[in-house]
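Asker: Here is how the chains run, residue by residue.
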Amino acid sequence: MTAFHKATKIILVVERLLRDKVLAIVETEGAKGYTVTEGIGKGEHGLHGTDRPGIAPGFTIVRIEVIVAGRAAAERIALTVSQRYFTDHPGIVYMSEVEVLRPEKF
Amino acid sequence: MTAFHKATKIILVVERLLRDKVLAIVETEGAKGYTVTEGIGKGEHGLHGTDRPGIAPGFTIVRIEVIVAGRAAAERIALTVSQRYFTDHPGIVYMSEVEVLRPEKF
Amino acid sequence: MTAFHKATKIILVVERLLRDKVLAIVETEGAKGYTVTEGIGKGEHGLHGTDRPGIAPGFTIVRIEVIVAGRAAAERIALTVSQRYFTDHPGIVYMSEVEVLRPEKF
Chain R
26 MTAFHKATKI ILVVERLLRD KVLAIVETEG AKGYTVTEGI GKGEHGLHGT
76 DRPGIAPGFT IVRIEVIVAG RAAAERIALT VSQRYFTDHP GIVYMSEVEV
126 LRPEKF
Chain V
26 MTAFHKATKI ILVVERLLRD KVLAIVETEG AKGYTVTEGI GKGEHGLHGT
76 DRPGIAPGFT IVRIEVIVAG RAAAERIALT VSQRYFTDHP GIVYMSEVEV
126 LRPEKF
Chain G
26 MTAFHKATKI ILVVERLLRD KVLAIVETEG AKGYTVTEGI GKGEHGLHGT
76 DRPGIAPGFT IVRIEVIVAG RAAAERIALT VSQRYFTDHP GIVYMSEVEV
126 LRPEKF
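Residue numbers (our numbering), protein chains in the order written: chain R, 26 to 131; chain V, 26 to 131; chain G, 26 to 131.
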């Protein structure tokens, strides 16, 4: 019997100035923890959906990694951050399936 | 014919002070390399298994990323680090499937 | 109806001095953005394919994370960087499947 259990990882790459606001959403929506690293990012601005001005200049970002046991919480986090911030700020969110050892920690 | 081969990624997020001890396990259990980034983390303390005092304050962490060709080595790394350190220290480990180009490097 | 769409993530871990050259390939091959974090890495040198001198000493690396909507672009990025740099420099590349919210951004 394997000790590993399925869980969902969400990665949020956002401007550094949004870090604390995004982490507040992460916790409100049910995550018990997160990992934050800093870096630089480049990407399209999400302005106005269909408005695609091309590649933005590099900006200082935080990469926030969150694991949740339930897929529903992952989707809430991804959708809430995206709807609240990614029309006016650059940023991306994506999810993937992972395996964890102790699901009650997540 | 694709040049890509399945492999297993292990992510270990641990307190910075444990870095070298955890990397020693990673190498002993058969990994040929790793990538380490620094950041901050927040999560439950793993103290005493069922003792769950809630979210710990942020702490300085290292995020260790390891790719191994064999699933068995990945499980050994995850289980050994977890059993040795995650009852007395905060930290998480999780695994996922990836594809690599040259499996003999891992 | 889910708002999430499949995409491919490529992770490139390369020596810091190669960062801008690798990012140029990433953009040339069709990626619209990337995330870069810094760290340390350890791994085999990729010298001469079958020449395996064991674990190299730690070196300063960048970890480049790229999401593309199409698998073909992911494979081009992985193969081009690998063929151009990983015979003479340490480094790894791997891919995995993720889910994104707005596929037109990638």
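Simulated from the structure, these hints should not be mistaken for laboratory data.
The beta carbon of each residue, even a glycine, is placed where N, CA and C say it ideally should be.
Some clues are possibly wrong.
Said to hold, decoys possible - Some chain R residues judged to face chain V by a derived CB distance under 10 angstroms, without partners named: (1) K46; (2) L48; (3) K57.
Asker: Are the hints correct? Go through all of them and say.
Answerer: To see whether the hints hold, each was checked on the structure:
Interface restraint check: K46 (chain R) against chain V, minimum CB-CB distance 15 angstroms, threshold 10 angstroms, status violated. With a cut of 10 angstroms, the hint placing L48 (chain R) at the interface with chain V holds, because the nearest CB-to-CB distance is about 8 angstroms. Annotation: interface hint on K57 (chain R) holds; nearest CB of chain V at approximately 5 angstroms, less than 10 angstroms.
The structure fails hint 1 only (numbered hints given earlier).
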